[in-house]
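S.K.: Let the hints inform the model, and build the full structure from the sequences given.
Protein chains: 2
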Amino acid sequence: MSSLALPAVDAGILAKRARIVERLGEVVGARWVISDEDELRAYETDALTAYRQIPLAVALPSTTDEVSRVLAVLNEEGVKVIGRGAGTSLAGGALPLADSVVVGVSRMSRVLDIDTANRAIRVEAGVTNLAVSGAVDHLGFFYAPDPSSQLACTIAGNVAMNSGGAHCLKYGVTTNNVLGLTVVLMDGTVIELGGTHMDSPGYDLLGLMTGSEGQLGIVTEAVLRILPKAEGARPVLVGFSSNTDAGTCVSDIIGQGMLPVVIEFMDRPAIRICEDFAHAGYPLDVEAMLIIEVEGSEEEIVEQLAKIVAVARDNGAVHVREAKTPAESAAIWKGRKSAFGAMGRISDYMCMDGTIPTGRLPEVLVKISEICEGYGLGVANIFHAGDGNLHPLVLYDVNDPEQLEKAEACGADILELCVEVGGCLTGEHGVGIEKRELMTSQFNATDLDQQMRIKTMLDPQWLLNPAKVFPLAGRPEPVRLKTSEAA
Amino acid sequence: MSSLALPAVDAGILAKRARIVERLGEVVGARWVISDEDELRAYETDALTAYRQIPLAVALPSTTDEVSRVLAVLNEEGVKVIGRGAGTSLAGGALPLADSVVVGVSRMSRVLDIDTANRAIRVEAGVTNLAVSGAVDHLGFFYAPDPSSQLACTIAGNVAMNSGGAHCLKYGVTTNNVLGLTVVLMDGTVIELGGTHMDSPGYDLLGLMTGSEGQLGIVTEAVLRILPKAEGARPVLVGFSSNTDAGTCVSDIIGQGMLPVVIEFMDRPAIRICEDFAHAGYPLDVEAMLIIEVEGSEEEIVEQLAKIVAVARDNGAVHVREAKTPAESAAIWKGRKSAFGAMGRISDYMCMDGTIPTGRLPEVLVKISEICEGYGLGVANIFHAGDGNLHPLVLYDVNDPEQLEKAEACGADILELCVEVGGCLTGEHGVGIEKRELMTSQFNATDLDQQMRIKTMLDPQWLLNPAKVFPLAGRPEPVRLKTSEAA
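Listed in order, the protein sequences are those of chains G and A.
All the letters of the first sequence, read from the start, carry residue numbers 1 to 487 under full-length UniProt numbering.
All the letters of the second sequence, read from the start, carry residue numbers 1 to 487 under full-length UniProt numbering.
Heads up, the list lumps identical chains together, so a pair's fine if it works in one copy or across two of them.
Each computed DSS-like pair below joins lysine-lysine, with the alpha-carbon atoms no more than 27 Å apart: (1) Lys170 to Lys307; (2) Lys337 to Lys307; (3) Lys170 to Lys229.
Just so you know, the hints here were simulated from the structure itself, not pulled from any lab data.
None of these values were measured; they are calculated from a predicted model.
M.R.: Spelled out as structure tokens, the structure:
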């Protein structure tokens with residue numbers, strides 16, 4: 001059972017399920033509408049697996065026009081819609097409601113156009129993140145945002161959640177790498193936002209749509225910025241005898257004008273768990289470890305690593321291991337990349353996601369330990385340190401309702417701490433259902449009201465992914481359109 | 001006389017001018033309210049000097065709180081507001097209306113906080129663009145967007161117009177470099193958007209505000225991304241015997257994965273005018289010239305320039321001059337930077353601003369020549385070629401009403417051509433009043449309606465910079481609030 005409330009189920013909608021399924025089938029073809037309970041189970045949750053809910057039905061359109069007609073039908077019938085990419089949201093962003101129809105974009109996965117002269121690629125929104133880089137790799141280009149789930153997650157989901165990844169320190173998050181979108185609004189209207197060019201005239205609805213968590217429209221196509229690949233890249237692993245030393249080292253590297261591609265931070269528990277699992281050769285006698293990767297030509301790599309190691313030694317580094325071969329580079333990354341799997345082997349965990357100003361890291365880590373101890377829960381910290389994006393993994397037993405509740409309360413305390421020191425509730429996972437009720441710690445009533453007015457303007461009935469993002473209390477009344485009576 | 005219509009003047013507002021001036025004086029101090037006609041002349045125009053209009057009054061608040069109280073008074077009185085940075089808009093974005101109050105941010109020009117560890121600077125919005133880089137120069141950082149007017153233009157104006165500049169090829173435009181904003185809405189509400197961190201939760205009103213041309217709120221503070229300065233930078237000058245060769249060279253450089261900081265394109269008339277003025281040593285026997293600048297360490301610069309020169313020679317370059325000394329670099333840039341001044345010496349001109357896909361450059365230049373010939377007007381082309389941002393300078397006599405009309409029609413034809421080949425009405429100058437009526441060539445009624453709904457939501461009376469951005473026809477009726485009767 002979830003401890004987060006879902007809106008009351010609309011019995012009227014459930015009663016006309018057969019008609020809705022039939023109407024959807026007329027648009028996308030009956031075989032692309034799922035209404036069998038067993039088959040619906042595949043869509044009952046996302047990567048926030050503590051929450052499960054079977055939807056009314058699932059529709060899988062294959063074109064923008066079909067998405068438009070599907071939404072027009074559901075708008076007319078007053079049915080809630082949950083957009084779905086690959087269902088990899090860690091914040092419950094793709095969790096269905098009982099009286100909702102899930103609209104999935106998985107059948108829309110074609111690469112439509114590659115334009116290296118304008119550094120752009122046009123894709124259907126169901127294409128996976130990694131497939132975008134795959135499509136331009138032979139041309140010497142790549143797509144920068146790289147969420148951990150990049151093998152599975154779709155561009156539709158990346159745009160909805162404004163996804164990040166380790167490379168975002170240097171290249172920005174999704175919103176910095178999207179040039180244009182085709183979006184279907186809840187009433188079926190299709191709008192084109194942006195294009196291959198910077199600064200298109202008029203208001204920036206492109207930025208507004210990016211990160212709106214499927215609440216303003218469903219993205220069906222995207223024009224993405226592609227970047228030239230660097231000649232090479234290499235990591236160095238640096239160990240410290242305190243979190244403070246490691247934290248100060250990160251501030252110094254960036255403050256002195258260096259911009260590595262990646263700075264990853266792992267605390268003692270995280271190092272130990274990853275090393276046990278991956279035998280990556282991590283030092284076990286340190287309190288904190290940084291993995292810092294630089295890129296460029298061989299000369300640039302050598303020069304940058306030398307500067308970084310000097311800064312690390314100035315900050316009391318007790319262990320430095322520069323990768324000398326591709327195999328050593330791979331070993332250093334193997335441990336980090338297996339972190340979630342390694343953690344999952346020893347315990348269930350809740351992966352929190354907040355940001356903090358880099359300079360506050362040491363005190364925040366101490367306070368996170370105290371918070372978790374207070375709930376009797378373990379914690380390991382992994383951190384995109386360069387851009388202040390913290391990922392505490394709170395360890396608990398998913399089958400113990402009391403522990404779930406404790407883990408959620410513990411996670412909420414951690415995120416409120418992030419806001420308190422000047423950071424944010426979310427770094428790259430979004431708000432979803434997980435952090436909905438915490439939004440009041442980040443925003444006052446005026447801020448939330450401005451945001452909700454935009455939701456109401458574009459989706460007057462609040463049908464698109466409605467249980468998410470905003471606290472349930474204080475929402476405007478949805479404008480109820482007259483529900484169609486004709487089939 | 002302007003050929004673009006302004007809305008009818010509200011005589012009721014003019015009649016209560018004395019009361020409005022008095023109420024504004026109570027907020028900002030009487031000395032910071034300008035109502036004398038001679039003094040108002042300083043605010044009657046911006047850099048689109050063909051249009052002039054003295055406003056009702058000018059208010060110069062010094063804090064966010066004063067801006068809030070000024071807007072609350074004007075909202076209550078139903079008075080239109082024109083936000084003003086330094087008045088350098090080339091699109092008439094800061095042109096006053098007779099029944100409007102200009103709210104200038106020039107007194108708000110303090111640097112509030114520098115945070116190198118988080119690569120951020122917090123400033124009041126009246127600070128100039130160049131002063132931002134100046135404040136962090138000694139720390140080895142800079143602020144990337146660099147409009148030609150950077151000595152004068154303010155961050156408030158940069159945010160309002162989403163300003164660009166030559167460096168935007170590598171570093172993006174203003175929206176890619178703004179992390180947070182303090183904004184005052186028309187009713188006096190103060191909202192905080194974003195912060196020093198990526199991906200703050202909720203909807204991206206930060207992106208929406210950036211580039212909204214002073215129509216959604218007045219920006220009073222900004223948190224900007226600062227970047228580490230490169231070790232060095234150097235240009236190479238490459239001449240071609242046809243526009244086609246130069247255009248293909250640009251496509252090839254970017255398509256092969258090189259990313260110079262700047263690629264500037266000048267056609268034969270532009271080269272000749274700049275050389276006559278600046279004696280920069282430009283080749284006079286070429287049809288087109290590129291100035292390509294790369295940055296990095298000395299080794300990187302040498303390596304990149306070698307690759308670029310090879311691509312240029314493959315594309316038939318007939319003239320290559322690599323800068324060997326700082327003096328030679330300066331000479332190459334001197335001509336380009338004096339372009340507008342040099343042009344102004346021989347003729348009045350209208351600086352157009354549109355974008356095109358890089359690959360369409362040769363045919364677009366031919367068509368621009370034909371369009372201008374059709375109107376009997378001269379034209380010179382300067383072009384941020386790397387990102388497809390074209391700046392045709394249409395030459396005319398500002399004191400000849402017939403020529404002004406021709407130049408405007410000619411400019412409109414050029415921008416419609418940009419849209420036709422898949423580009424945009426504006427690359428970095430914004431829509432303002434200049435391109436207002438052309439918005440229908442870029443957007444259909446649905447697109448414009450979505451944008452105008454956002455304007456209405458945040459400014460129901462349409463008081464903020466109302467004559468701009470959207471065509472006069474097809475606007476929603478402003479929601480008229482009851483005007484205050486009490487003084």
